[in-house]
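Trainee: The chain contents come next:
Number of protein chains: 2
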Amino acid sequence: MIATEKVSTREIERKFLVKRLPVVDLENFPCDEIAQGYLATESGGVQVRLRKKGNVRSLTYKRNLKNGREEREIRISAEQFEALWPATAGRRLTKVRYEMPWKGHTIEIDVYTGRHDGLIVAEVEFADEKSCTAFKPPDWMDEDVTGKARYSNVLLAHE
Amino acid sequence: MIATEKVSTREIERKFLVKRLPVVDLENFPCDEIAQGYLATESGGVQVRLRKKGNVRSLTYKRNLKNGREEREIRISAEQFEALWPATAGRRLTKVRYEMPWKGHTIEIDVYTGRHDGLIVAEVEFADEKSCTAFKPPDWMDEDVTGKARYSNVLLAHE
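Sequence order for the protein chains is A and B.
In terms of the working numbering, the first sequence is residues 1 to 159.
In terms of the working numbering, the second sequence is residues 1 to 159.
With the rest of the complex left out, here is chain A (with noise of 0.2 angstroms):
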């Protein structure tokens, strides 16, 4: 797949702080390093992302909706992305993602490296309002910062 286009609502989800690990071998579950940065962003929600996750490259425009999310992803190829790269310097992040199955839910455990080595951050998707009001946190995700700012990808790829 090329490219998607997905105008979403806002989508349902619940995002944690870790402040230890669960006790289990992470290294079971699949995981992908992601390093993305930003090469443009306006102060109205507009971004423009680069992303190498494993080794699938992307390019992707965000922009708030006034009651939703639109999001415009393409693949890009290798020489596409080392273009742009270099344009991205003093505005990224580096990531460890481990998709960790739960009771029916993925949880995409998210841990920080190089700048922000230490910050783990969990988050789990939903299919709609009543599985995420039902939702019940294991003991390990410590404090809830779903919607924080502060915990979003594009200012801590700006710190």
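Treat the hints with caution; some may be incorrect.
Claimed, not checked - Within a straight-line C-alpha distance of at most 20 angstroms, the following computed SDA-like cross-link-like pairs (lysine to any residue) qualify:
| id | chain 1 | residue 1 | chain 2 | residue 2 |
| --- | --- | --- | --- | --- |
| 1 | B | K62 | A | E82 |
| 2 | A | K62 | B | T113 |
| 3 | A | K62 | B | T60 |
| 4 | A | K15 | A | T88 |
| 5 | B | K6 | A | T88 |
| 6 | A | K53 | A | K148 |
| 7 | A | K6 | B | F81 |
| 8 | A | K62 | B | T88 |
| 9 | B | K62 | A | E42 |
| 10 | A | K148 | A | E42 |
| 11 | B | K130 | B | R150 |
| 12 | B | K130 | B | D144 |
| 13 | B | K62 | A | T88 |
| 14 | A | K62 | B | K15 |
| 15 | B | K15 | B | F81 |
| 16 | B | K52 | B | R14 |
| 17 | A | K6 | A | T88 |
| 18 | A | K6 | B | K62 |
| 19 | B | K6 | A | A89 |
| 20 | B | K6 | B | D128 |
Honestly, the hints are just simulated from the structure, not real lab data.
Once you've looked at the hints, dock chain B against the given chain A.
Mentor: The following block gives chain B in isolation, referenced to the frame of chain A:
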């Protein structure tokens, strides 16, 4: 060529308004229809631009440096272009560019179409300051608008 990278000092160029076109048949010169739109523009001068010039589609990152300009451009496929293009709605412009040879220079004549119909701008790039200063514009070139933000493409696109 899939990608170009250019960190340049200020381009040495002059830009003029054209009130009446030169009395030659412009159609004899190389010409291309150009459609361009902006994915993001930061107040500090960062731009991410999509452009279709003839059949060539590109994505360009531009940024002002202290003493010059950084420009990174990648060729993109029709599919990549089409996935991103809708995001530029309301931030587009269209023009036809003619490349007219004139006394050893190439004059780029941009005839705007659509919303900016009636606007015609001629631009000449020079190898050095000396030839720039020495340049005597032909009489069909009117007001010198070099460096005037009013006639920058990014501003025109956002009008």
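Trainee: Would you mind marking each hint as holding or not holding in the structure?
Mentor: Hints versus structure:
1. Pair hint B:K62 plus A:E82 holds up; C-alpha atoms about 16 angstroms apart against a cutoff of 20 angstroms.
2. About 29 angstroms separates the Cα atoms of A:K62 and B:T113, which puts this hinted pair outside 20 angstroms; it is violated.
3. At most 20 angstroms may separate the alpha-carbon atoms for a hinted pair to count; A:K62 and B:T60 meet this at roughly 17 angstroms.
4. Taken as a hint, the A:K15 and A:T88 pair is broken in the structure, with Cα atoms around 26 angstroms apart against an allowance of 20 angstroms.
5. Of the pairs offered as hints, the one joining B:K6 and A:T88 holds, with about 15 angstroms between alpha carbons and a cut-off of 20 angstroms not exceeded.
6. Our distance criterion of 20 angstroms between C-alpha atoms is broken by A:K53 and A:K148, whose separation comes to about 24 angstroms.
7. Restraint check: the Cα-Cα separation between A:K6 and B:F81 comes to about 16 angstroms, which is no more than 20 angstroms; the hinted pair holds.
8. With a C-alpha separation of about 12 angstroms, the suggested pairing of A:K62 with B:T88 holds against the 20 angstroms cut-off.
9. Restraint check for B:K62 and A:E42: the C-alpha separation of about 15 angstroms stays at or below 20 angstroms, so the hint holds.
10. The straight-line distance between the Cα atoms of A:K148 and A:E42 is roughly 18 angstroms, inside the 20 angstroms bound, and the hint therefore holds.
11. Proximity of B:K130 to B:R150 is assessed by CA-CA distance (about 26 angstroms); at most 20 angstroms being required, the pair is judged violated.
12. For a cut-off of 20 angstroms, the pair hint linking B:K130 to B:D144 stands: about 17 angstroms separates their Cα positions.
13. Proposed proximity of B:K62 and A:T88 is supported: the alpha carbons are some 12 angstroms apart, at most 20 angstroms.
14. Between A:K62 and B:K15, the direct Cα distance comes to roughly 34 angstroms. Violation of the 20 angstroms bound is thereby established for this hinted pair.
15. Using a Cα cut-off of 20 angstroms, the hinted pair B:K15 and B:F81 is violated, with the two alpha carbons roughly 29 angstroms apart.
16. Proposed proximity of B:K52 and B:R14 is contradicted: the alpha carbons are some 24 angstroms apart, above 20 angstroms.
17. With a C-alpha separation of about 24 angstroms, the suggested pair A:K6 and A:T88 falls outside the 20 angstroms cut-off, and the hint is violated.
18. Straight-line distance between C-alpha atoms of A:K6 and B:K62 comes to about 26 angstroms, which puts the hinted pair past the 20 angstroms bound.
19. For the proposed pair B:K6 and A:A89, the alpha carbon gap of about 16 angstroms is at most 20 angstroms, so the pair holds.
20. Restraint check for B:K6 and B:D128: satisfied, since their Cα atoms lie roughly 17 angstroms apart, inside the 20 angstroms limit.
Hint check: violations occur at hints 2, 4, 6, 11, 14, 15, 16, 17, 18; the rest are consistent with the structure.
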